[in-house]
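Trainee: Sequence:
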Amino acid sequence: MAQGAQIAFGSVQQDSSLPVEVTADNLDVDQTDGTAVFTGNVRIGQGAMR
1 MAQGAQIAFG
11 SVQQDSSLPV
21 EVTADNLDVD
31 QTDGTAVFTG
41 NVRIGQGAMR
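Heads up: the sequence shown at position 34 corresponds to 34 in the numbering used here, and the numbers run straight through without jumps.
Calculated from the structure, these hints are not laboratory results.
In this text the structure is predicted, and so the values were computed from the model without any measurement.
Beta carbons: idealized from backbone N, C-alpha and C, even for Gly.
Please note that the accuracy of each hint is not assured.
As the list claims (entries may be wrong) - Restraint-style ranges between C-beta atoms, simulated for each label pair:
#1 Asp33 to Gln13: 32 to 42 Å
#2 Asp15 to Arg43: 10 to 20 Å
#3 Asp25 to Gln46: 19 to 29 Å
#4 Leu18 to Val42: 31 to 41 Å
Could you put together the complete structure from these sequences and hints?
Mentor: Laid out in structure tokens, this is it:
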């Protein structure tokens, strides 16, 4: 799934030790299988990358 994905964005240097910030209209968490699904206007950022 996406949690292990590494995506290259050209020459952008990113510090992967910084926290990942997620905002969304909705969050559904399934504690039985440990998944979280963000939906609606999802924005993800880490450091300077937005």
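Trainee: All hints are to be evaluated individually against the structure, with a verdict given for each.
Mentor: Consistency of the hints with the structure:
1. Asp33 to Gln13: 32 to 42 Å: Given about 35 Å between the Cβ atoms, the range holds.
2. Asp15 to Arg43: 10 to 20 Å: Hint holds: Cβ distance 19 Å, inside 10 to 20 Å.
3. Asp25 to Gln46: 19 to 29 Å: Holds, since Asp25 and Gln46 (Cβ atoms, about 20 Å apart) stay within the stated range.
4. Leu18 to Val42: 31 to 41 Å: violated (19 Å)
Of the numbered hints listed earlier, the single one contradicted by the structure is hint 4.
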